[in-house]
Each structure stands twice: as C-alpha cells, then as structure tokens.
Amino acid sequence: NAGVTQTPKFQVLKTGQSMTLQCAQDMNHEYMSWYRQDPGMGLRLIHYSVGAGITDQGEVPNGYNVSRSTTEDFPLRLLSAAPSQTSVYFCASKDRGYGYTFGSGTRLTVV
Amino acid sequence: AQSVTQPDIHITVSEGASLELRCNYSYGATPYLFWYVQSPGQGLQLLLKYFSGDTLVQGIKGFEAEFKRSQSSFNLRKPSVHWSDAAEYFCAVGVEGYSTLTFGKGTMLLVSP
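So the sequences go chain by chain: A and B.
Take 70 as the starting number for the first sequence in our numbering and just add one per residue.
Take 11 as the starting number for the second sequence in our numbering and just add one per residue.
The shape of chain A in the complex, shown without the other chains (with noise of 0.2 Å):
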C-alpha cells in the first residue's frame, strides 16, 4: 500500500548512543518532513526536506540530523542521545497540493 513507512516502531535507547529513524515513502511527493509529540505540546517540526538535497530546520532541530539523497528516503538521526529527546517521532510526506500523509510513528525511550 502506499503511504509513509517508519521503522521501527519502539526503540529503547541508553544515554549517549545514537541510531537512526526510516522514513520512506513511495507517492513521489516532494516535501517530507519530522515531527515530535510530546505530552500536552502537540505535534512540533524538527527538520524537513523540499526536495532530494535540500533539507531545514523547524522549531526543535537541536540534536537532530538529516539528509535527504533520495526523494524516496527521509531519515532522521540522533547522534548522541539525551533523555530529553525521549519522544513519538511522526515523519510526514506531502504532495504539490494540500495533501498530507503522516507515518503510524516511532516510540523513543531514551533511558
């Protein structure tokens, strides 16, 4: 089916280790994008992508990296992780209109 596929779906993590979450869709949609959902603060963008090379950062991009060398591909890494960034990571595709397609999320505990 097409769609945003994000894996994995929980990761437990130890202070300090860094790994990295897929994202990948398969609709050709130029614009991608990361969030994170915290409690009681919404859905906030982390980076996001208008094209293969072209990547930016939104409102919380500290500790975070991505890259973006095929329209297809949209991973978001954590170099070193801290407590802090013990999150729901929602990746999100979108299409040259108003359509949004979102991933089902990652679960991160950062311990």
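It is possible that part of the hints are untrue.
Stated by the list, open to error - In the DSS-like style, the derived pairs of lysine-lysine whose C-alpha atoms are separated by at most 30 Å in a straight line are: (1) B:Lys59 - B:Lys71; (2) B:Lys59 - A:Lys78; (3) B:Lys78 - B:Lys115; (4) B:Lys115 - B:Lys59; (5) A:Lys78 - B:Lys71; (6) B:Lys115 - A:Lys83; (7) B:Lys115 - A:Lys78; (8) B:Lys115 - B:Lys71; (9) B:Lys78 - B:Lys59.
If you're looking for bench data, these hints aren't it; they were derived computationally from the structure.
This one's a predicted model, so the numbers in the text were calculated from it and none came from an experiment.
Got chain A sorted already, so can you dock chain B onto it with the hints?
The following block gives chain B in isolation, referenced to the frame of chain A:
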C-alpha cells in the same frame, strides 16, 4: 510565523451530547486548515480539511468544522458524541508555499456515560 491555539486542554462530554472543539489560528493570509484525531498509542487520522470554498466542511465519523475568517477560527463540531470518539484532537494550519504544518497542542476529549 503562523500559530494555532486550542484553548481547551481537556473537555468532558456526555455520550449523546453535542461537541464543539475550539481552534484559533494566527496568520495574515488564508491558511489551509486541518483537524486530526489520535487515539491512545495510535497515529494521526485526518478528520477533515479546509482549503477554499464552502466554509462549512464535512468530515469523517460525523464531524464538521466551520471556517470563520473574521474570528480566525476553525471549530470542530459533532451533534452527538459516541464513546468511541474519546481521543485527542489536533488542529493544524498550513500555509501556501510552505511544506509543513503547525499544530495546536491538542484537546483531550473524554466521553462520560
């Protein structure tokens, strides 16, 4: 920059009663507006969206929302709430030419028997 305010953190409604969830946005031009619902531990489900045209928008699960430009509001309504509607609801705004959404902090709906 655009912003979204959902004034109510929690709302409790009796089953069968009507519901209105408030959403106010801040942006100079006409935004495009969304309502999403999220059940515990689940992802986001789109209820409805407004881009242009008729200011009363119908969505899934019997929900509707009305765009009021003069009040910068996009309130979500349902005439009769079911216990299965208990969830968290998010209003979001997108802006022409931008590729991302700005979300409100959410309203948690509790349904009492």
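Hints not upheld, ascending by number: Every hint satisfied by this model.
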